[in-house]
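Visitor: I would like the entire structure built from these sequences, with the hints used as guidance.
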Amino acid sequence: MKGYLYDSDRCMACTSCTVVCPVAAATREFLGPKMVGPALSRFRRPALAPDLAADLCSNCKNCDISCPSGVPISTLNMLSKAEYYRHHRHRLRDWVLSHGQLMGNLATPFVPLSNLAIANPISRTMLGAFGFAGRMPLPAYVRKTFRKQFRALRQQSFPQKVVFFPGCYIDFYDPGVGLDFVAVMQANEYEVVVPRGLGCCGTPMVANGFPGAAERAVRRNVRALQEWTDAGVPVVACCTSCSLTLKQEQQELFDVPGAAELAARVYDATEFLLELRDRGKLKTDLKQLSGRYLYHAPCHLRDQGIGRPGFEMLGSLPGLEISDADAGCCGLSGSYGFKGDRYEVAQAVGDALFKKVRASGADAVISECGTCRHQITVATGAKTLHPISVMRRAFE
Amino acid sequence: MSACDVVVIGGGLSGLVAAAAAAERDKKVVLIAKGVGAIAVGSGSIDVLGYEAGGKPVARPLAEMGKLPSNHPYARAGKQATAKAFEFFLDLCEKGGFPYSGSADVARWVPTAIGTLKPTCFLPRSMDPAPLEAAKAAVVVGFRGLKDYYPELIIRGLMQVPAYPKRFRTVIVDPEMAGRDVNALDIARWLDTESGRHACIEQMLTGIAPGNVVLVPPVLGTVPNYGVLEEFEKATTCKFIEITGMPPAITGLRLYDLLVSEIKKRGVRIVEHATVTRAVVDNGRCTAVVTHGVDRERTHPARSFILATGGFYSGGLEAGVGSAREPVFGLPVKVPESQSDWSNAFLLSGGAQPFARFGLDVDARLRPTDGSGKAVFENVYAVGRTLSGFDDAFEKSGNGVAVVTGYRAGTLVA
Amino acid sequence: MDSVTVVVIGGGATGTGILRDLSMRGVKTLLIERGDLASDASGRFHGLLHSGARYAVTDPRSAKECIEENAILRRIGKHCVEKTEGFFVRLEGDGEDYEGQWVAGCAAARIHAKRVDLKEARRLEPHLSRRAVSVFRVPDSAIDGFRLCWQNVASARRYGGEVRTYTEATGIERAGDRVVGVTVCDTLTGAVDSIGCDHVVNAAGSWVGRVASWAGIEVDVKPDRGVLIAFNHRFTNRVINRLRPPANGDIFVPHGPITVLGTTSSPVASADDNVPHVEEVLELLHNGTELFEDLPKYRILRAYAGARPLYSPGEGRAASRDFTILDHSTDGLRGLTSAAGGKLTSYRLMAEKTADVVCRELGVKAACRTAAEPMVEDPPRRLVTRARPFFPPYGLDLAASRLGAAFGPVVQGLQMHPEERRLICECEMVTLAEVESAAREPTTFNLGDIRRRTRMGMGTCQGAFCSLRAVGALVSHDLVADKDGKALIRDFLETRWKGIRPVLWGDQIREAEFQREVYAATLNLDGTAQR
Ligand SMILES: Cc1cc2nc3c(=O)[nH]c(=O)nc-3n(C[C@H](O)[C@H](O)[C@H](O)COP(=O)(O)OP(=O)(O)OC[C@H]3O[C@@H](n4cnc5c(N)ncnc54)[C@H](O)[C@@H]3O)c2cc1C
Ligand SMILES: Cc1cc2nc3c(=O)[nH]c(=O)nc-3n(C[C@H](O)[C@H](O)[C@H](O)COP(=O)(O)OP(=O)(O)OC[C@H]3O[C@@H](n4cnc5c(N)ncnc54)[C@H](O)[C@@H]3O)c2cc1C
Ligand code: SF4
Ligand code: SF4
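Chains as they are written, first to last, in the numbering used here: chain A, 10 to 405; chain B, 8 to 421; chain C, 51 to 581.
Derived by calculation from the structure, the hints in this document are not laboratory data.
Some hints could be false.
In the DMTMM-like style, the derived pairs of lysine to aspartate or glutamate whose C-alpha atoms are separated by at most 25 Å in a straight line are [claimed, not checked]:
id, chain 1, residue 1, chain 2, residue 2
1, B, K381, B, D370
2, A, K290, B, E304
3, C, K536, B, D370
4, B, K272, B, E31
Guide: Rendered as structure tokens:
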């Protein structure tokens, strides 16, 4: 965080970020990354009142990916949003969307009642009144969280360990992906650990302008993982926003001791597997698969500077046909597309991808990010999978 | 990271062409880029050689390359490779469904957003200026609110061109855009939509007549194809010419998108948002480069490396007070001793700027050399703006050098 | 030949202040300036509205003058003064004795200097050096010299004062022992003219000696060159002074989004050379880094140089920053008064004293009222509220204070023509309407003039985007004389380049490469035409 003053100094006003920003493409109300990030940041120190120009920014990070100057544009945006909300009240909706863990803990005991509440037309309209997008269903809570199921799982013990960071999405909505990860690791003689005390990575709180809550989340996770990072055990996440936050965002935004040491050990699941493969540490007698898939690279994966390891892994699995959609951001960007006033923007952003998906006729769309998958399914009806779920079929 | 044959460092025009050329030879290629290159916001015309050192326009670029000093990148690449490179480039565009036209044999002069003409060689069909020279009158289309293009400014300049028409008319199209300021990208996106195209054609038709030559800002769609152009031509039976201008100049973005998808098709793996910070060296060879992404270092081993990191703008070169450096390999960058000799008293002095010529000296195989002219690494090649010995802005050769040296390196790597 | 009662030569703070003062006293006055207003020392200075604390030890009289004028300017010049306050910071190793003298000096001059707890100081200014050992708070402020001159003129115009820019005085016309007029030359066209008057005020800053010499009178003004560096960011919200005997590079002044570090001091033979040198920049950086350790990482926008019009026997810093009014009837010539020396902070007082002399000679009885009346009115609240949606964040307040009386019409334009809202300069948030409003001023001839009125082109990209846009828009509205606009763009980029060249490393060499890629590679502004 300390560097942000001179990092924004690096901007040359070249417009590269403006060109790639999906939100700027979708709405003329957004001034664009260059303006909202580095350009306005010059005025924020002398100003008396903070601005809300960054409110529409979805924190998708396409701007950062394109910038030739290394300006942490999205971080500047999040910082300015945070500053604004230090002085202004939030909407209840933003609180709900950014506190998925708490909501999940409250809701799961009552599943399917709580889902009914989310899905039935009357409460959807009521949610709309709070500022949720009526047309964008929230994902359904599962009856048994990943962590509950994991605790019940009987793993074979191996000397090689890996920590799994479930994050909210997998924990509350999509535990299957977590279980698939465990299965893949077990097949490759790794034991998976999920330490107590892990919670939300903090990214939804950051995106919605709750820096305080986000920082608390970060501190708690860093503490919970410390014992493992000290021992040199890799920390793996299946959600790209979680892995990105653990790797980068928590370091850029906060000053939490141990965050850098943790970041050095964090892997996205597909990245981890690709690295094991390259080191010759993965099983090689894989099952023959079949199927035609379309791959969508989440923005938060692209931002990590590791290429598309999931796509690459899948491409090397026997019998699989996979092509890269290469159609930009899905639009949902975590919690963004769930907001009533953001829904149209989010749909417009994802339009190119949806068209590709519909035209592809693929058996399923593969993507690492849970909210990307949710958005794709809701928009196109296509079946979606995490790469790890496909890999499980090859390894088991 | 998995081992490959070639790591290309840099995702600008030179890196993309190098990756394509190497992949064409069935090399396993990984391209690593910190950000996008100049081409993504530049004009996309491939300038080859517009002016000689004294400032005289060059009529026949390819032929006159023979006169360049031996340390000029074109001279390093050699005449044969230069000609082949352009063929390769044209072929790439053709295959990508966005054919470029032109040749390096003759200079073509294209109109700009300030009403000057700029010498260049290869252009997308939508920028071909030929119809303008043949016309008696022309129309300049402006868009209400578009802040980087002013028909009046363009016309005042072009009126002074002897070979050009003396009669210009203006048609202003209103894209009816609310919200933030309008740039060329906004208009291009508008014309990506069917309703936008229809509205635009309808409005244009109030001021243009069949057979007119029509100058427009670079707004004929964001996608690398001629869909919008052809629809406009069909609906109006006019000839359209896109003008070059300020970033974001959409014509470059189209070429960028085209090249990225072409290299992906050829199996090149792209690692975005990763900065190569150093190299692992063993006995005169580079064995791997190390990136720093958002979190930690990663090693990328390969047999050959192509350094396509650009100039100061992109960070391929860095300058401090009185010294400059190449940050990845720490290769020597020669600069005058006194900082005041780095530049001319005038920015647009009509001569080359010393600092614009700073860069890496290379041998005939494009390998960076030490002070004595010996290659520093046997398997590291440097291409594009990061090379020394030319001021691309002054001589109008930036994209040409990027294509030629990129191609050349792509054919040399093991 | 025109004729007025008084001609003021020189459109800096002093000259415009005199114009205002005389006009308010009902004297028909014309100011002539060879360039644009504030194009010399009053625009090439540090922008510090001194509290006087800087002079508390070395020059108690100046100190007292400063604190009095400081209070007045905060009142009458609200729209050109940013009430930042200032810190005096003593670093480890800086003499403690001096601190004691300084505290006593401040007290004597009635400058309120209050010690600030170190922790509090760090909280307020987090980038300040860790080596700070004592910090005091003083009523320093930042002042915008361009705006000050303009607002003086705006105020003078309300009382009938007139201004002609790009008009150089080339001679003083006399009849016997009386001044009867000034010979002038239009610096844009070269046309020569003469203006009749009863009195000439020589407010030519560092050129006061030169002007006086035309009348055969010697005034020994010694130009003293100073260099400053503008940084891209505001890394301090307060003026930061080093608490030690005044030396080079020990003051930082925040201005809107930027910070200015200065200055050097070296006597020069001529004030005409205002190109900064690398060595001067490096000296400033070296010294400045002691107050802000991260300074080398901050991006420099440009460097610039000006000359102080010092009038006194001594040289350099030892010379007084005080002013002297010379009534040349003592030299045997009636109708010529020179205002020599001074500093910007005390320009109003200097103008008052000059006008007193002039009025005495003219037999005008009216008293000075410049300290009582604000230079420009506050824009009406309702207008500001109405204008908010037409500006980007932060743009409104900037525009409201820099536009003065033009604010109303500009808002009107923005409301009626939404395309006027587009930002010509995205770095300094300047709308097309403002650029056009500045361009319509009869005193505007080039982009530099527009820049000084609006700040267009003074931010991060240093003209890379706004020069094309401004010229394009002005050409479309027929607001420029240049037939194709190219010369205007080129001249603007070249004047920006003068300040970039001495800092051509780091991010500025990147920006310069980018600028050339746009204006040379893409737009071919540099190359000869075909055939
Ligand atoms: C605005 C503009 C307009 C222009 N207009 C024209 C024109 O009209 N005609 C013309 O012929 N030329 C033009 N040029 C010049 C021309 O575009 C360039 O000279 C040419 O494209 C340079 O290509 P390059 O690949 O060598 O470098 P760049 O395009 O600068 O690309 C360098 C790449 O390397 C990456 N990189 C840098 N350091 C690292 C690192 N350490 N690790 C990983 N990646 C790194 C960068 O992010 C970037 O992707 C223009 C340039 C600009 C900026
Ligand atoms: C580097 C530097 C830093 C400074 N910092 C500060 C500070 O922080 N605070 C402060 O209070 N003071 C400061 N000063 C001092 C202050 O800037 C000057 O004292 C003040 O601006 C002088 O104003 P002026 O009007 O007398 O002179 P100028 O502003 O120089 O005006 C004189 C004008 O006369 C014009 N002129 C000359 N000859 C002719 C002619 N023949 N015909 C027509 N016009 C003519 C010139 O073009 C010029 O515009 C600083 C000075 C310098 C150089
Ligand atoms: S993070 Fe995404 S939405 Fe926000 S400015 Fe960057 S590109 Fe645009
Ligand atoms: S891409 Fe980076 S350098 Fe370019 S305008 Fe955006 S922030 Fe500035």
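Visitor: For every hint, state whether the structure bears it out.
Guide: Against the structure, the hints:
{"no.": "1", "hint": "B:K381 - B:D370", "verdict": "7 Å, holds"}
{"no.": "2", "hint": "A:K290 - B:E304", "verdict": "21 Å, holds"}
{"no.": "3", "hint": "C:K536 - B:D370", "verdict": "41 Å, violated"}
{"no.": "4", "hint": "B:K272 - B:E31", "verdict": "10 Å, holds"}
Violation of the numbered hints given earlier is confined to hint 3; every other hint is satisfied by the structure.
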